[in-house]
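Q: Sequence:
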Amino acid sequence: MKDDYVSFSSKNILRTFLFWPRIFKLLWETHAAYLIGILIVSLLKGILPAVVLIATRELINSVIGGVTAGDFRPVLLAFGFLIFLNILSDLFNIVDGYFRKMFQSLLSNRVNLKIIEKAHLMTLQSFEDADVQNKLQRAQAEANYRPFEIFVQMLAIISSVVTLFSACAILVAWKWWVIFVIFLIPCLSFYSFLQIGQREFNTYYRRAAKQRESWYLSFLVTRDNSFKEIKIFQLGHYLRGRYLDILKEFYKEDKFLAARRSYTSLFFQTINQGACGIVIFLAVHAAYMGQIMLGNLISFIQAIGLTQSTSQNIVQGILSLCQNNLYVKQLFDFLDLPEEEEVQGMGQRISGIQSLEFRNVSFKYPNTDRYAISNISFTLNKNEKLAIVGKNGSGKSTIVKLITQLYSDFEGDILINGQSIRELNKDSFREKMGVVFQDFVQYEMTVKDNVGFGDVKGKDNDQLVWKAVEQSGITELIHNLPNKLNTVLGKWFEEGQQLSGGQWQRVAIARAFMRNADVYILDEPSSYLDPHSEKEVFGKFEQLTEDKIGIFISHRLSTARTADKIILLENGRIIEAGTHDRLMRLNGAYNEMFEIQASSYLSTDDSESLEESEYLSPLVRTSAE
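Counting in the UniProt record's numbering, the sequence shown runs without a single skipped number right up to 625 at its last residue.
In case anyone wonders, no lab produced these hints; they're calculated from the structure.
The beta-carbon is built from N, C-alpha and C at its ideal position, and this holds for glycine as well.
Be careful, since some hints might not be right.
Cβ pair distances, simulated, as ranges [claimed, not checked]: (1) Leu-266 / Gln-497: 42 to 50 Å; (2) Phe-493 / Ala-589: 46 to 54 Å; (3) Asp-254 / Leu-76: 49 to 57 Å; (4) Ile-94 / Arg-240: 16 to 24 Å.
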């Protein structure tokens, strides 16, 4: 379901304040002592301006009275008190600045951690949804600092209200109706700025998809693994142009909104200054007529200015609160999305995997009507290896996603140890699986991290890491790196060492081998490997999967003949199944694909291809000779 624009109606404004209990809970849990300290200092800062006005008034009046009475002591007392207030004001600002700086850092970190934790707990189905990605973009771009903005604005409003009442108390002693004149214009401007705020929010709200696109364009141009293609195909200027078009669109929108806000501010500020000018003129006239003392005149003028500024601050603060509430709503909308862990903690835990069965399993991806796989059935027991082969797009990788329960909304049933996978605790059976995905991750981290992530608990055990490295056949490669296991891989960070595609893939295989699993799955493990490396990896795989379940997926049939079972997929269905020899004797689709691949290897003069042909099939080698 697509996101809708959010209206700044009174109903929606009031609804956003329902998030405040969650916001205050978040603030309190971040650091209660800083929170209380900031509240106390803000209240004191709110009272201080009015006290300074009174002290200034007393100083001026004492100077005038001292000249007449010839007594300078009241002047010194008033002056000393005013200096003390100024020092106190500076002290409050320093303490407040420290508390806010520390609190903002802690709060921002806490919100960002919540976003990361939420993303980790989501299902792949949810995470791949475009609307969810838009929510994530909004949460990351805006909402991570908005809770602190709400807190700051709330404090500013509280402080301004305290200051306003203090200033009004001074003006009431002269003319009570002056307060309403000064406060009227900011109140009248509230609705106009409310409408501007609505347009600003809706503008930023609908930008999420474009912002993700602009980030991706920037990422493409600045990422090392896309640099070569961009250089060769001369895409730099084109991608820069698309990026610039988005920036220009954003700038045009921002310029319009800024101009509208500025014109509205100018209009109301002019009226407000005119009203305050009339009130100040009345105060000056009263002093001229001897109705009030000079010190009172100065305090009244300052109180008028203070009332004007604080009333505007209160109105603007309320408007900002309403707007920030809507941004924070985006954060909580994301945090409230369904997550896998809500049910993942439930279910029966298992200590190991002895068998795996697909029973008439069908699945179609979200928002599509076409089945990716249909009526898939097979059974695997310990010490058996299954090869899933077929053309690209035949549904091979989908089976892996279902086995690992990255997707769980399937038809039919998947059984582990004879029990439905829906009844099991996901963590418990995932702990027993080692997987190399087709789109494996290249972690821009150390070798130890890259391999050790296969079993985080054993990551710091160098012996276990080296064992996984040896099992994947990259011992010599790692020994030749400058810092061996502590060498940073990739080019994002200083002193990083870039690997070839095949080397990265073998690091990913080592990561899977790091885990003491009952089921090992290799999804297209030969996509980056040369024939010699492929043969070595599958030899290690056979050793590793003794007394375990092994599954490998490939569109190359050269490796399939070593499997105990082979299933050939076409358009999401199993069209042939059996051992290599049985499928060759069927003389069907598998045989045809195998002969085509074998003949292509045998017809080339490339030595590596000939080397691969040596372990394709004894039958093929004999016929070729």
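Q: When the structure is checked against the list of hints, which entries are broken? Sort them ascending.
A: 1, 4
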